[in-house]
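Asker: Below, each chain spelled out in residue letters.
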Amino acid sequence: MNPDAPFLLTGNATATPWSEVPELPLQQLADATSEALAEGTRLCAWFGVAEPGESATRVVCIVADDFGNTLGIARSLPARTGYPSLTLRHPQAHLFERELFEQHGLRPEGHPWLKPVRRTGPAGPEMLPFFQVEGGEVHEVAVGPVHAGIIEPGHFRFQCAGEEVLHLEIALGYQHRGIEAATPGGPHPATLCQMETIAGDSTIAHGTAYLMALESLAGIEPPLRAQWLRAIALELERLANHTGDLGALANDVAFLPTSSACGKLRGDFLNLTALLCGNRFGRRLLTPGGCAYDLDDARVARLVAGLRPALAGVETAANWLWEASSVRSRFEGTGTVSRQQALEMGLVGPAARASGLVRDVRFDHPAGWHRFAQLPVAVWPEGDVFARARVRWLEIQRSGAFLLEQLAAPPPLEPGTGSIKAPMPDLQPDCLAVSLVEGWRGETCHVILTDDQARFRRHKIIDPSFHNWSGLALALRGQAISDFPVCNKSFNLSYCGFDL
Amino acid sequence: MNPGFTNHFLLPLLRGVLQIAILLLLAPLLPGIVNRVKAWVAGRRGPPLLQLYYDLGRLWNKGIVLSTAASPGHLVGPAIAWVAILGSAMLLPLGPGDALWSFKGDALLFLYLLALARFCTASAALETGSAFEGMGAAREVSFAVLSESALITAILALAVQTGSLSLTGMLAPVPNPSAGLLAAGLFTVLLAENCRVPFDDPNTHLELTMIHEVMVLDHSGPPLAVILHGAALKLLVFALLLAQAVLPLNHLSLLPATGCLLAAMLVITLLVGFAESLLARFAFRRVPLLLTTAFLFCLFALLTAWKGVS
Numbered sequence: 001m002n003p004d005a006p007f008l009l010t011g012n013a014t015a016t017p018w019s020e021v022p023e024l025p026l027q028q029l030a031d032a033t034s035e036a037l038a039e040g041t042r043l044c045a046w047f048g049v050a051e052p053g054e055s056a057t058r059v060v061c062i063v064a065d066d067f068g069n070t071l072g073i074a075r076s077l078p079a080r081t082g083y084p085s086l087t088l089r090h091p092q093a094h095l096f097e098r099e100l101f102e103q104h105g106l107r108p109e110g111h112p113w114l115k116p117v118r119r120t121g122p123a124g125p126e127m128l129p130f131f132q133v134e135g136g137e138v139h140e141v142a143v144g145p146v147h148a149g150i151i152e153p154g155h156f157r158f159q160c161a162g163e164e165v166l167h168l169e170i171a172l173g174y175q176h177r178g179i180e181a182a183t184p185g186g187p188h189p190a191t192l193c194q195m196e197t198i199a200g201d202s203t204i205a206h207g208t209a210y211l212m213a214l215e216s217l218a219g220i221e222p223p224l225r226a227q228w229l230r231a232i233a234l235e236l237e238r239l240a241n242h243t244g245d246l247g248a249l250a251n252d253v254a255f256l257p258t259s260s261a262c263g264k265l266r267g268d269f270l271n272l273t274a275l276l277c278g279n280r281f282g283r284r285l286l287t288p289g290g291c292a293y294d295l296d297d298a299r300v301a302r303l304v305a306g307l308r309p310a311l312a313g314v315e316t317a318a319n320w321l322w323e324a325s326s327v328r329s330r331f332e333g334t335g336t337v338s339r340q341q342a343l344e345m346g347l348v349g350p351a352a353r354a355s356g357l358v359r360d361v362r363f364d365h366p367a368g369w370h371r372f373a374q375l376p377v378a379v380w381p382e383g384d385v386f387a388r389a390r391v392r393w394l395e396i397q398r399s400g401a402f403l404l405e406q407l408a409a410p411p412p413l414e415p416g417t418g419s420i421k422a423p424m425p426d427l428q429p430d431c432l433a434v435s436l437v438e439g440w441r442g443e444t445c446h447v448i449l450t451d452d453q454a455r456f457r458r459h460k461i462i463d464p465s466f467h468n469w470s471g472l473a474l475a476l477r478g479q480a481i482s483d484f485p486v487c488n489k490s491f492n493l494s495y496c497g498f499d500l
Numbered sequence: 001m002n003p004g005f006t007n008h009f010l011l012p013l014l015r016g017v018l019q020i021a022i023l024l025l026l027a028p029l030l031p032g033i034v035n036r037v038k039a040w041v042a043g044r045r046g047p048p049l050l051q052l053y054y055d056l057g058r059l060w061n062k063g064i065v066l067s068t069a070a071s072p073g074h075l076v077g078p079a080i081a082w083v084a085i086l087g088s089a090m091l092l093p094l095g096p097g098d099a100l101w102s103f104k105g106d107a108l109l110f111l112y113l114l115a116l117a118r119f120c121t122a123s124a125a126l127e128t129g130s131a132f133e134g135m136g137a138a139r140e141v142s143f144a145v146l147s148e149s150a151l152i153t154a155i156l157a158l159a160v161q162t163g164s165l166s167l168t169g170m171l172a173p174v175p176n177p178s179a180g181l182l183a184a185g186l187f188t189v190l191l192a193e194n195c196r197v198p199f200d201d202p203n204t205h206l207e208l209t210m211i212h213e214v215m216v217l218d219h220s221g222p223p224l225a226v227i228l229h230g231a232a233l234k235l236l237v238f239a240l241l242l243a244q245a246v247l248p249l250n251h252l253s254l255l256p257a258t259g260c261l262l263a264a265m266l267v268i269t270l271l272v273g274f275a276e277s278l279l280a281r282f283a284f285r286r287v288p289l290l291l292t293t294a295f296l297f298c299l300f301a302l303l304t305a306w307k308g309v310s
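Sequence order for the protein chains is A and B. 1 is the number of the first residue of the first sequence in the working numbering; add one for each residue after it. 1 is the number of the first residue of the second sequence in the working numbering; add one for each residue after it.
One or more hints might be untrue.
Said to hold, decoys possible - With the C-beta cut set under 10 Å, the calculated list includes, among others, these residues of chain A facing chain B:
| # | residue |
| --- | --- |
| 1 | 220 |
| 2 | 224 |
| 3 | 279 |
| 4 | 281 |
| 5 | 307 |
| 6 | 328 |
| 7 | 338 |
| 8 | 379 |
| 9 | 380 |
| 10 | 480 |
Said to hold, decoys possible - If you want a taste of the chain A side facing chain B, the calculated C-beta under 8 Å gives, among others:
| # | residue |
| --- | --- |
| 11 | 134 |
| 12 | 138 |
| 13 | 139 |
| 14 | 142 |
| 15 | 161 |
| 16 | 177 |
| 17 | 178 |
| 18 | 252 |
| 19 | 332 |
No lab work stands behind these hints, which were simulated from the structure alone. C-beta atoms are modelled at their ideal positions from N, C-alpha and C, and glycine is treated no differently.
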């Protein structure tokens, strides 16, 4: 990243005094961000902070330089009016700008599709006109928000010519719970529980991201053993969900063997997570300053003993999938997102890696235990459903190897205290903390700003799904509409994580 | 009692009632067997063998929810389709038993009754005005063009082979080399016509990928029960057609013939179950390839039969 750019360069899981964040007029911030993005950085966050007592808003911008392993932070002066839209130059900003417009009323001038992103006002996203294609053969298919299966609510509007999809527009927001609105004045006693349920399948990812931001605001670091335990829980979460996804992909093409086996194996991984803390999704394992429970040697042994057969089982089930020509013909060439598209839309996680992007927070912006123990980044070039399935399989293998390696050599307990939890001092006032965690869906970002009383002033949460839903819409262009379910499953994005 | 009355009226009537009862009662067993095979391959316990009977009973006692866009055709469609499928079943001989209803050229009626059933299901689906059901109906009739041509060719092959124009005569083949070709072609048609994997997935909940299931999405209560029973009956019809087109059962006496027919039905159902367990579903653009292959199988069966005659 250009050192002359007006960004404060910092790293993952660090706190910065709010006054040290460079401030510049909103128009200039937009221009500087545009330049930084043009240099190959990536937009992590673009959100507003309401000025106390005024109707003005400061915009905070966080860009990630994945190759320089740094994050750049800048903020605008209080602004009341619009600014030239970033989206025209950098499509990856489009949802961020719509969200900023929805939450703070700052209008990105020239934004091509300025609609609200969530159902926070009387006019929800599904009430507004959808992009329409005209023509005699064109028909519109509306799917959801109530679906035929037990899945989360979301509305999909297809413009089709026969079976071919010309355009897909996705309207979400049905599960908006006001999580960001609940945190100011915090941390409240319920805040950690709320963070764990932003997306229930990413409990550890969101919990860790939140706690890393909180701990950096307090100026402490959890004991090494707690960081080790968090890394183990994160990989178990990845194993369970990736395994479940392989099964779900097989189910969508009616390939029974892998589908049935993976459903059971996902349960095995969830049960291993329950060994850590008593909950299959890892709830209440994390606590400010460390972990709530230590993992004694007997349970390490049980974990290893359970992990080996489960990994072997996934290998068998995944190989059925790769060896069935009927499956490959469904996966290959379906729902392709090119490398260029993935770059422009700012995709993260397995979806980005399946389009050939080497992009992994554990590798690019290591924090916590990942500073000491690394995993190779799993990349596949094609960008189709097959690539996304394949990246999941590669990650299952690597996470499995990582877990076995880590469980073989647990770090010792903290000398002296023997505790797995560091005491939490008071938070620093007027400070901004950023933390990124590579959850199984991708980059999970939490940004917390404290006020002069050291309470939360603004807590911004960006689930990986926020980056990736546009990728799904792109993947569907020119596909058969009957391939939508398998494309959707190959991304497997969170509705509630997006809706907050 | 007058023996003429007994022989010419009462016995045929009893036999007819019995035969229809067997058809109607046996049909829901087939999907049950398929589901048990799938469950067994997947290592699950699976639903009870008689699950479809329970479902039918449950649906029959439920109320009906109607789309405001639907005309009476929405309700009449499934009823006509069911009657048409039953009519086509009555044209088939049951192993040692003759067909209930047989005349020269009844094979044409058989084809038309199946087409009528399809038309009624598709038009009842269009009644709701839902985009999904329109797509499902469009898919159903597009694929039908190919599967019907295969079925017609298979019946032609049988007609040439046996020199008969009635199904009772056609389904009494002598052992011949084209049986294998015919079996492959008709089995593929059976899978396509009954919406089994790899053509359709009867278990999917994804409305965008369904064919048959999406057409019945808006039906409920007794009409849905009629549709489900009709689908099971159709599977039975195709399995009976396949078994009797290939196996020379008419040379056997009553008991072995009945046993052979039942065994053949079981084998066909198991094969459907295994195909469903071990194959992924085809993408729609590849379905025509497979159906054309089925058509070619039947065509070669026809050519073989022809050459054998001359």
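Asker: Now look at each hint and say whether the structure bears it out.
Answerer: Status of each hint after checking the structure:
no.: 1; hint: 220; in the structure: violated (48 Å)
no.: 2; hint: 224; in the structure: violated (42 Å)
no.: 3; hint: 279; in the structure: violated (26 Å)
no.: 4; hint: 281; in the structure: violated (24 Å)
no.: 5; hint: 307; in the structure: violated (21 Å)
no.: 6; hint: 328; in the structure: holds (9 Å)
no.: 7; hint: 338; in the structure: violated (21 Å)
no.: 8; hint: 379; in the structure: violated (26 Å)
no.: 9; hint: 380; in the structure: violated (20 Å)
no.: 10; hint: 480; in the structure: holds (6 Å)
no.: 11; hint: 134; in the structure: violated (17 Å)
no.: 12; hint: 138; in the structure: violated (12 Å)
no.: 13; hint: 139; in the structure: holds (7 Å)
no.: 14; hint: 142; in the structure: holds (7 Å)
no.: 15; hint: 161; in the structure: violated (12 Å)
no.: 16; hint: 177; in the structure: violated (26 Å)
no.: 17; hint: 178; in the structure: violated (30 Å)
no.: 18; hint: 252; in the structure: holds (7 Å)
no.: 19; hint: 332; in the structure: violated (10 Å)
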